[in-house]
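Undergrad: Each chain, written out:
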Amino acid sequence: GAVVSQHPSWVICKSGTSVKIECRSLDFQATTMFWYRQFPKQSLMLMATSNEGSKATYEQGVEKDKFLINHASLTLSTLTVTSAHPEDSSFYICSANPRGRFTEAFFGQGTRLTVV
Amino acid sequence: AQSVTQPDIHITVSEGASLELRCNYSYGATPYLFWYVQSPGQGLQLLLKYFSGDTLVQGIKGFEAEFKRSQSSFNLRKPSVHWSDAAEYFCAVGTGNQFYFGTGTSLTVIP
Numbered sequence: 006g007a008v009v010s011q012h013p014s015w016v017i018c019k020s021g022t023s024v025k026i027e028c029r030s031l032d033f034q035a036t037t038m039f040w041y042r043q044f045p046k047q048s049l050m051l052m053a054t055s056n057e058g059s060k061a062t063y064e065q066g067v068e069k070d071k072f073l074i075n076h077a078s079l080t081l082s083t084l085t086v087t088s089a090h091p092e093d094s095s096f097y098i099c100s101a102n103p104r105g106r107f108t109e110a111f112f113g114q115g116t117r118l119t120v121v
Numbered sequence: 004a005q006s007v008t009q010p011d012i013h014i015t016v017s018e019g020a021s022l023e024l025r026c027n028y029s030y031g032a033t034p035y036l037f038w039y040v041q042s043p044g045q046g047l048q049l050l051l052k053y054f055s056g057d058t059l060v061q062g063i064k065g066f067e068a069e070f071k072r073s074q075s076s077f078n079l080r081k082p083s084v085h086w087s088d089a090a091e092y093f094c095a096v097g098t099g100n101q102f103y104f105g106t107g108t109s110l111t112v113i114p
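The listed protein sequences derive, respectively, from chains Z and R.
Counting from 1, position 3 in the first sequence corresponds to residue 8 in the numbering used here; the numbering is continuous, with no gaps.
Counting from 1, position 9 in the second sequence corresponds to residue 12 in the numbering used here; the numbering is continuous, with no gaps.
Since the hints were made in silico from the structure, they are not lab data.
Small disclaimer: the values here were computed from a predicted structure and weren't measured.
A few of these clues could be false.
Claimed, not checked - Straight-line distance between alpha carbons at most 16 Å, and here's what the computed EDC-like set of lysine to aspartate or glutamate pairs gives:
(1) K71/R with D57/R
(2) K46/Z with D11/R
(3) K71/R with E91/R
(4) K19/Z with E109/Z
(5) K46/Z with E91/R
(6) K64/R with D88/R
(7) K71/R with E18/R
(8) K64/R with E18/R
(9) K52/R with E109/Z
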């Protein structure tokens with residue numbers, strides 16, 4: 006149980022286009038999902054906290070207009086990288102907390118984004 | 004402010020040797036502590052966690068970790084490393100509903 010699926014696993018897009026990444030909790034409801042960014046050989050940096058039915062909370066320095074987050078249901082959160090540029094190339098990982106279990110987090114397999 | 008420190012960026016061990024990965028944290032209360040492993044290009048897999056109780060916790064793949072409050076540490080250990088253990092290891096502190104990750108330790112296993 007407690008599987009988080011992220012899609013796509015990897016994506017290549019052209020500069021200026023937008024890319025949507027999905028994060029789904031397959032067998033549990035998640036009122037909160039988190040989006041992380043990971044640069045090569047570095048740790049995970051929290052980008053934003055996504056709460057079902059409300060606006061996401063962004064970490065300092067993260068452009069909310071650049072990284073659009075939607076958490077429309079208890080099992081799905083999406084991250085849209087708008088007007089992507091090469092510097093947005095990175096590994097993006099989501100995690101989800103089962104409803105009512107704030108101290109448990111389950112991670113998706115990550116999405117490798119390459120902007121050319 | 005919460006922080007997690009993994010002093011060792013990279014560790015190399017021989018297959019069959021013992022392993023200890025260090026983790027120190029800074030947090031005002033008793034934290035929830037986690038160790039995750041990440042293979043290249045993959046997400047994070049939970050190895051073990053500490054919430055309360057016995058300070059020595061057992062995890063998957065033969066890993067264990069010991070919480071030492073006096074040292075603010077949560078070091079990960081394995082008595083005999085296998086080549087498949089080569090990966091990136093992250094220590095994390097969970098507070099409320101947020102996680103704070105250390106910078107990770109890259110483990111290389113040599114035959």
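Undergrad: Please go over all the hints and tell whether each is borne out by the structure.
TA: Evaluation of the provided hints:
1. K71/R with D57/R: At roughly 11 Å apart (the allowed maximum being 16 Å), D57/R and K71/R satisfy the hint.
2. K46/Z with D11/R: holds (13 Å)
3. K71/R with E91/R: With Cα atoms ~23 Å apart, K71/R and E91/R exceed 16 Å; violated.
4. K19/Z with E109/Z: violated (36 Å)
5. K46/Z with E91/R: holds (9 Å)
6. K64/R with D88/R: holds (9 Å)
7. K71/R with E18/R: violated (27 Å)
8. K64/R with E18/R: holds (15 Å)
9. K52/R with E109/Z: Answer holds: K52/R to E109/Z is near 9 Å, not above 16 Å.
Hints 3, 4, 7 from the earlier list are contradicted by this structure; the remaining hints agree with it.
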